[in-house]
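With the hints as constraints, model all of the structure from the sequences given.
Chains as they are written, first to last, in the working numbering: chain A, 3 to 461; chain B, 53 to 243.
Think of the hints as simulated: they come from the structure by calculation, not from any bench.
Note that the coordinates shown come from a computational prediction; the quantities given were computed from them, not determined experimentally.
The beta carbon of each residue, even a glycine, is placed where N, CA and C say it ideally should be.
There could be a bad hint or two in this list.
[Stated by the list, open to error] Here are the simulated EDC-like cross-link-like pairs (lysine to aspartate or glutamate), alpha carbons at most 20 Å apart as the crow flies:
id : chain 1 : residue 1 : chain 2 : residue 2
1  : B       : 133       : A       : 212
2  : B       : 189       : B       : 94
3  : A       : 179       : A       : 58
4  : A       : 47        : B       : 229
5  : A       : 47        : A       : 74
6  : A       : 59        : A       : 82
7  : A       : 119       : A       : 301
8  : A       : 412       : B       : 109
9  : A       : 317       : A       : 461
10 : A       : 115       : A       : 301
11 : A       : 345       : A       : 381
12 : A       : 321       : A       : 296
13 : B       : 189       : B       : 109
14 : A       : 183       : A       : 195
15 : A       : 183       : B       : 217
16 : A       : 76        : B       : 94
17 : A       : 179       : B       : 229
18 : A       : 321       : A       : 355
19 : B       : 213       : B       : 73
20 : A       : 183       : B       : 109
21 : A       : 119       : A       : 90
22 : B       : 199       : B       : 217
23 : A       : 76        : B       : 97
24 : B       : 133       : B       : 186
25 : B       : 133       : B       : 119
26 : A       : 47        : B       : 94
27 : A       : 299       : A       : 195
28 : B       : 98        : A       : 236
29 : A       : 55        : A       : 90
30 : B       : 199       : B       : 97
[As the list claims (entries may be wrong)] Some residues of chain A that are not near chain B, with every Cβ distance over 12 Å (derived):
id : residue
31 : 72
32 : 77
33 : 149
34 : 173
35 : 230
36 : 247
37 : 249
38 : 258
39 : 286
40 : 287
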Amino acid sequence: MTLTEKLLARASGRSSVSAGENVWVNVDTLLTHDVCGPGTIGVFKREFGQNAKVWDKSRVVIIPDHYIFTADSKSNRNVDILRNFVREQGIPYFYDVIDGDGADAKWEFDPSKGQLKRQYGSSFAGVCHTALPEKGHCRPGEILVGTDSHTCMAGAFNMFATGIGNTDAGFVLGTGKILLKVPETMRFWLEGELPFGVMAKDVILHIIGDIGFDGATYRAMQYEGPGVASLNMDDRMTIANMAIEAGGKNGVFPYDRLTEDYVRESTRKNGTRQEYTPVELDRDQHFCYDRKFDLSKIEPTVAQHPDPGNRALAKDLNKVTLDRAYIGSCTGGKTSDFLAFAKVIGNRRVKIDTFGVPATPTVVRELQSIVWEGKSVWERLESAGVLMTENASCAACLGGPQDTFGRINKPMSCISATNRNFPGRMGHKESRVYLASPYTVAASALTGYITDPREFLSE
Amino acid sequence: MSIKSKSFEDIVTGPVYVVSDNIDTDQIIPAEYLNLVPTIPEEYEKLGSYALAGLPESLYPVRLVPEGSMKSAYPIVIAGKNFGCGSSREHAPIALGAAGVKVVVAQSYARIFFRNCVATGEVFPYDSAERLCDILKTGDLATVNFKNNTLEFAGQIHLLKPLGEVLPVVQAGGIFEYARKMGMIPKPQTA
Numbered sequence: 003m004t005l006t007e008k009l010l011a012r013a014s015g016r017s018s019v020s021a022g023e024n025v026w027v028n029v030d031t032l033l034t035h036d037v038c039g040p041g042t043i044g045v046f047k048r049e050f051g052q053n054a055k056v057w058d059k060s061r062v063v064i065i066p067d068h069y070i071f072t073a074d075s076k077s078n079r080n081v082d083i084l085r086n087f088v089r090e091q092g093i094p095y096f097y098d099v100i101d102g103d104g105a106d107a108k109w110e111f112d113p114s115k116g117q118l119k120r121q122y123g124s125s126f127a128g129v130c131h132t133a134l135p136e137k138g139h140c141r142p143g144e145i146l147v148g149t150d151s152h153t154c155m156a157g158a159f160n161m162f163a164t165g166i167g168n169t170d171a172g173f174v175l176g177t178g179k180i181l182l183k184v185p186e187t188m189r190f191w192l193e194g195e196l197p198f199g200v201m202a203k204d205v206i207l208h209i210i211g212d213i214g215f216d217g218a219t220y221r222a223m224q225y226e227g228p229g230v231a232s233l234n235m236d237d238r239m240t241i242a243n244m245a246i247e248a249g250g251k252n253g254v255f256p257y258d259r260l261t262e263d264y265v266r267e268s269t270r271k272n273g274t275r276q277e278y279t280p281v282e283l284d285r286d287q288h289f290c291y292d293r294k295f296d297l298s299k300i301e302p303t304v305a306q307h308p309d310p311g312n313r314a315l316a317k318d319l320n321k322v323t324l325d326r327a328y329i330g331s332c333t334g335g336k337t338s339d340f341l342a343f344a345k346v347i348g349n350r351r352v353k354i355d356t357f358g359v360p361a362t363p364t365v366v367r368e369l370q371s372i373v374w375e376g377k378s379v380w381e382r383l384e385s386a387g388v389l390m391t392e393n394a395s396c397a398a399c400l401g402g403p404q405d406t407f408g409r410i411n412k413p414m415s416c417i418s419a420t421n422r423n424f425p426g427r428m429g430h431k432e433s434r435v436y437l438a439s440p441y442t443v444a445a446s447a448l449t450g451y452i453t454d455p456r457e458f459l460s461e
Numbered sequence: 053m054s055i056k057s058k059s060f061e062d063i064v065t066g067p068v069y070v071v072s073d074n075i076d077t078d079q080i081i082p083a084e085y086l087n088l089v090p091t092i093p094e095e096y097e098k099l100g101s102y103a104l105a106g107l108p109e110s111l112y113p114v115r116l117v118p119e120g121s122m123k124s125a126y127p128i129v130i131a132g133k134n135f136g137c138g139s140s141r142e143h144a145p146i147a148l149g150a151a152g153v154k155v156v157v158a159q160s161y162a163r164i165f166f167r168n169c170v171a172t173g174e175v176f177p178y179d180s181a182e183r184l185c186d187i188l189k190t191g192d193l194a195t196v197n198f199k200n201n202t203l204e205f206a207g208q209i210h211l212l213k214p215l216g217e218v219l220p221v222v223q224a225g226g227i228f229e230y231a232r233k234m235g236m237i238p239k240p241q242t243a
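What follows is the structure in structure tokens.
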């Protein structure tokens, strides 16, 4: 069996499953957030009753992250709906924006802090997919479903993770089960190591360009081979995150020392459950697609407007002028992403409007405490002209309410370290979004046109 | 959805709204409207008014739901490949259903969107091997027949891939209604 088949067989209590079978799977963790949580709760109450209790409160993780730092009253209300539900159900893992949990606890936009200064309390966790592993909710061998398509990011941790709708999530809340079709598996055999100037983002953009952005529809994307060992957990998360950008059901990585170390540390730090049983690679696996990718041959890659499969090399796009650069999101807002970005920026100044939105408050703290040549990375980016906000959230990655930080409110071209670029994704529907690695976004921010980052990096 | 009436007939007739390939969920329901909660009745209706509002006007000058209106005059949407790609937001099939769309006929679907159509029972997601989005244009009159699995347009019969087990689930109004009807789950507890 493939990794995905093994995960689904175990969770459905069977000795084996094969692609195409429909199986009832026991869910280990259900994730929801502020834009789909209220609807999921609505379905749960409508179908199981107003006084119904969730199947297992310790397995529900609620992370408000989408429309947080906005004056939009409906968005604010949605976080209140989550808070009330958590209180009523006694759910322990709720990463609220505010600290108080009294009956009238509410978050309010503080104009004196503006959009750049921290407007959250101590339990806020930021973007759910990045926060989930950071807070010790990703465990190898387990099943994670979430009301967000990028839930597949957790496949980096040797688990089955996929996005579902509110109705399915409402069913999971009541029963802890979900009916899943076992997907066929595509294997991506990785060899070599990432060359100079190339990041995990380039790898996944390269792969999606190869198979097409519906090339993995209904399928699992399994990564194997000696190249995997050279990818750290952040790299694997970036790659697994974008399985959905090829239409994939999930992305999954084998378990190794790096996975073990990360999970031990994150579960210990946050006091979450530490026992788990990873799934190991079988000798006998059946794939519907099997191809080798030599990481050392990959170059800085861009997905052009209007979809993540519209691939080109950064070096061939220097005629494309830009109005804006953006770094952030689950895919591109991790500490390692910002450090790569800052490395390219160096002591230079950006030429176009550039927005930086860390994925989590931890990323903010790390960037403010890592010091290069006497100055924190955060300060360095600020002095380079990058608009850095401490308000970690999904922000403009998916447009959001009109007052969202970095939202594209008029037709323009933007290069972005995020994961999706369909028309209107970051706001205005006549805008053009180019997806690239943090290196390439930084180099392009320095020149004002799409730029191969190797021009600014020294080997 | 309990909000919708569940009368069911074997055919749907009316003007079609035609879109091309890769219409993603941001074009079906732009992210700025995700602050609306589908299980709140007036917000459900409001979602309908924004169905397909993310399509660029330069390519789609006619809107599915006219500005200022809550409902669409088009009960059938015809699409190309990979309809509903992108996010897992259930607001997408819900917006279409709330607008009054009954059927989508696409060459292919993205996985989560298809499943959300079935789970919610909002729209029937038919597959067509033929590329109907090149044959029909917005405003053409067509009839979808659920018994024969056909789409009839201008005297021509186009075969659709049978919905199979999906048909009774959508017909019932989604997985919960279906499961209850089949005796798989009990009625909800009353408060």
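- Query: Which of the numbered hints above does this structure break?
  - Reply: Violated: hints 2, 5, 7, 10, 12, 14, 20, 21, 25, 28, 30, 31, 32, 33, 34, 36, 37.
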